[in-house]
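Novice: Residue-level listing of the chains:
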Amino acid sequence: MDEQEELQRVDAEIPAVPAAAAVRTPWTEFRRKFLRQPVAVVAGAFVLLLVVLALASPWLAPYDAENFFDYDSLNALPSVKHWFGVDPLGRDIFSRILVGSRISLTAGFVSVAVGALVGTALGLIAGYYEGWWDRIIMRICDVLFAFPGILLAIGIVAILGGGMFNVIIAVAIFSIPTFARLVRGNTLGLKHLTFIEAARSIGASDWTIVTRHIFPGTIAAVVVYFSLRIGTSIITAASLSFIGMGAQPPTPEWGAMLNEARADMMTSPHVALFPSLAIFLTVLAFNLLGDGLRDALDPKIERQ
Amino acid sequence: MLQYFAKRLLGLIPTLALVGVLVFLFVHLLPGDPARLAAGPDANPETVALVRQDLGLDKSLPEQFLRFSRGVLQGDFGRSLRTKRPVSTEIAERFMPTFWLTSMAMAWSVAIGMFIGVLSAVWRNRWPDRVGMTLAVTGISFPAFALGMVLMQIFSVQLNWLPTVGADSWRHYILPSLTLGAAVAAIMARFTRSSFVDILQEDYVRTARAKGLPETVVVVKHGLRNALIPVVTMMGLQFGFLLGGSIVVEVVFNWPGMGRLLIDAVDMRDYPVIQGLVLLFSLEFVLINLAVDVLYAVINPTIRYR
Chain V
0 MDEQEELQRV
10 DAEIPAVPAA
20 AAVRTPWTEF
30 RRKFLRQPVA
40 VVAGAFVLLL
50 VVLALASPWL
60 APYDAENFFD
70 YDSLNALPSV
80 KHWFGVDPLG
90 RDIFSRILVG
100 SRISLTAGFV
110 SVAVGALVGT
120 ALGLIAGYYE
130 GWWDRIIMRI
140 CDVLFAFPGI
150 LLAIGIVAIL
160 GGGMFNVIIA
170 VAIFSIPTFA
180 RLVRGNTLGL
190 KHLTFIEAAR
200 SIGASDWTIV
210 TRHIFPGTIA
220 AVVVYFSLRI
230 GTSIITAASL
240 SFIGMGAQPP
250 TPEWGAMLNE
260 ARADMMTSPH
270 VALFPSLAIF
280 LTVLAFNLLG
290 DGLRDALDPK
300 IERQ
Chain U
0 MLQYFAKRLL
10 GLIPTLALVG
20 VLVFLFVHLL
30 PGDPARLAAG
40 PDANPETVAL
50 VRQDLGLDKS
60 LPEQFLRFSR
70 GVLQGDFGRS
80 LRTKRPVSTE
90 IAERFMPTFW
100 LTSMAMAWSV
110 AIGMFIGVLS
120 AVWRNRWPDR
130 VGMTLAVTGI
140 SFPAFALGMV
150 LMQIFSVQLN
160 WLPTVGADSW
170 RHYILPSLTL
180 GAAVAAIMAR
190 FTRSSFVDIL
200 QEDYVRTARA
210 KGLPETVVVV
220 KHGLRNALIP
230 VVTMMGLQFG
240 FLLGGSIVVE
250 VVFNWPGMGR
260 LLIDAVDMRD
270 YPVIQGLVLL
280 FSLEFVLINL
290 AVDVLYAVIN
300 PTIRYR
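Quick mapping for you: the protein sequence lines, in order, are chains V and U. With numbering that gives the first Met the number 0 applied, the first sequence covers 0 to 303. With numbering that gives the first Met the number 0 applied, the second sequence covers 0 to 305.
Keep in mind the hints are simulated off the structure, nothing from the lab. Keep in mind the model is a prediction, meaning the values are calculated, not measured. Glycine included, C-beta positions come from ideal geometry on N, C-alpha and C. Check each hint, because a few of them may be wrong.
Interface residues of chain U toward chain V, partial, derived using beta-carbon atoms under 7 Å [to be verified]: (1) 17; (2) 94; (3) 140; (4) 239; (5) 244; (6) 250; (7) 284.
Here are a few chain U residues that sit away from chain V, every Cβ distance over 10 Å (derived from the structure) [unchecked claim]: (8) 2; (9) 7; (10) 35; (11) 40; (12) 54; (13) 95; (14) 98; (15) 228; (16) 230; (17) 268; (18) 294.
Isolated chain V, as found in the complex:
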């Protein structure tokens, strides 16, 4: 450990003078620790920018993403007129990437939100009631975990059929067991603490204990995982489109665009470059944001 950190640690261990210290709520603590990480702050700002761009994409896109064909500049390299160049069919790549951001962000966010919601509920039930509930829920999770990686999503898409909506359902189901396990673990750790016992002894109902006392204790872990999981889900959804099971051409979904670009890699590699960069930067931003949230929310980090 270097000197700087040693000093910081000593600082942290000296109790603050109560009169001079500002009120420390979990929220201010979180803000202080989060703002100390420039990389995570930049990533968070980038995510916000992406969301704004995605929402405004229909008005921002200079050309129609699916139905505008510039036959005079097929395969053109990036220029002032076409910022990211033109694909072999004459479509403006910049417009397609912009419009595609909406699809990818929606897929990532909605699927993880559904997965987190169902997974958290199952995890709370399993951890709080234990016994049969726990056995049944965890057995279901084991079975879902027995399908490696993207295979479960492929199976679900095979049943439901292709298309972006079904991909979102598939990716959501794929996320449920991870959230359920995470929340169950936290719940098991929390439920034997004194404040839960106190709540029970004054006659609080199970519902009140779970929603008011246990659930808030699991939020930090869920939030961190949420951000990291969005990255994974965007990649999974794009992968499904890439192998032809998600969005179909001419939809400007980034994975589907890459699949289309594959045929012309020899002559016009720039067509594949921009969708790749778009996926990479978006997922990178969510991952860096998730790392920052983890460092700001995880009480274990304080010790190091």
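Place chain U on chain V using the hints.
Specialist: Relative to chain V, chain U alone:
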């Protein structure tokens, strides 16, 4: 030890049985009539009825399940709707290329990932750590199919050093295994680092340093073995990621493996092949996790007696 192994093995049976039920029900969850699917789009009603009888689809669901499980236990998954050959033959032809691809990817990614992780932890917050962790976060953020296309463009098309598609020689394995392993190497690096950072702050590491052991001995002897415990668990989980990832990578490199077969089967709605492959993929994953758990017990003796 043997008792622990037996207990874990028995614990797998209910999970595997449920996976089997799900895969069996898969046919009935598909939209449309499986008999019509099997008979083909132009078949007349009589043919469809014959096919239904032939496949046993006219029997009750439990009877069909018994028939299905008996077949599976004997390695009989039925015949492919597309080629009419037994599913087991179809899969057997495709098994080895995928097996070698995933094994190679796992081998290099675990070695490199752990190496970067240890370096980053030892030189924490200094430049080797910064470089290593930047690489790692890039690795988990770059989708495999895009990486594969980039590598192919650079090394096969521009430089002409390596072949593009197929699996004929060892040179064909380089790019696909790099593509497949990149994300795993990145995850292993991040995980090893955080596990190692924790270990390096333990009292016994301080004791080892205090008694004057060289830093290399402290890191390798006192750190590595203890840091390995969570890392090994992570490795098992990553194998699942690799098996799944191989499906996408095989599409990029037109690899003659099980992933490519699965995608083609889904396209053609060749459900016996889908069933066989899904069962095999999950069986493989579950067995690998068992192996990892046993390895875990070898490294960490306290777990055996629980």
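Novice: Hint by hint, note whether the structure agrees.
Specialist: Checked hints:
1. Interface restraint check: residue 17(U) against chain V, minimum CB-CB distance 5 Å, threshold 7 Å, status holds.
2. Taking 7 Å as the C-beta cut-off, the interface hint given for residue 94(U) is violated, the closest approach to chain V being about 15 Å.
3. A least Cβ separation of about 4 Å between residue 140(U) and chain V falls short of the 7 Å threshold, and the interface hint therefore holds.
4. For residue 239(U), the suggested interface contact is upheld, since its CB lies about 4 Å from the closest CB of chain V, less than 7 Å.
5. Annotation: interface hint on residue 244(U) holds; nearest CB of chain V at approximately 6 Å, less than 7 Å.
6. Interface hint at residue 250(U): satisfied, since its Cβ lies 5 Å from the closest Cβ of chain V, which is below the 7 Å cut-off.
7. Proximity of residue 284(U) to chain V holds as hinted, the smallest CB-CB distance being about 4 Å (cut-off 7 Å).
8. Every C-beta of chain V lies more than 10 Å from that of residue 2(U), the closest at about 22 Å, which supports listing it as non-interface.
9. No beta-carbon of chain V is positioned within 10 Å of the beta-carbon of residue 7(U); the least distance is around 13 Å.
10. With a least beta-carbon separation of about 16 Å from chain V, residue 35(U) lies farther than 10 Å from that chain, consistent with its non-interface assignment.
11. No beta-carbon of chain V comes within 10 Å of the beta-carbon of residue 40(U); the shortest separation is about 17 Å.
12. Non-interface call for residue 54(U) relative to chain V: holds, since the shortest CB-CB distance, roughly 19 Å, exceeds 10 Å.
13. Under the 10 Å C-beta cut-off, the non-interface status given to residue 95(U) relative to chain V holds; the minimum distance is some 18 Å.
14. At roughly 14 Å, the least C-beta separation between residue 98(U) and chain V is larger than 10 Å, which holds for a residue marked as non-interface.
15. Residue placement check: residue 228(U) keeps its beta carbon more than 10 Å from all beta carbons of chain V (closest about 17 Å).
16. The claim that residue 230(U) lies off the interface holds: its Cβ sits roughly 18 Å from the closest Cβ of chain V, which is beyond the 10 Å cut-off.
17. With 10 Å as the threshold on Cβ separation, the claim that residue 268(U) sits away from chain V is violated: the shortest Cβ distance comes to roughly 8 Å.
18. Listed as outside the interface, residue 294(U) is consistent with that label: its C-beta sits roughly 18 Å from the nearest C-beta of chain V, beyond the 10 Å cut-off.
When the structure is compared with the earlier hints, violations turn up for hints 2 and 17 and for no others.
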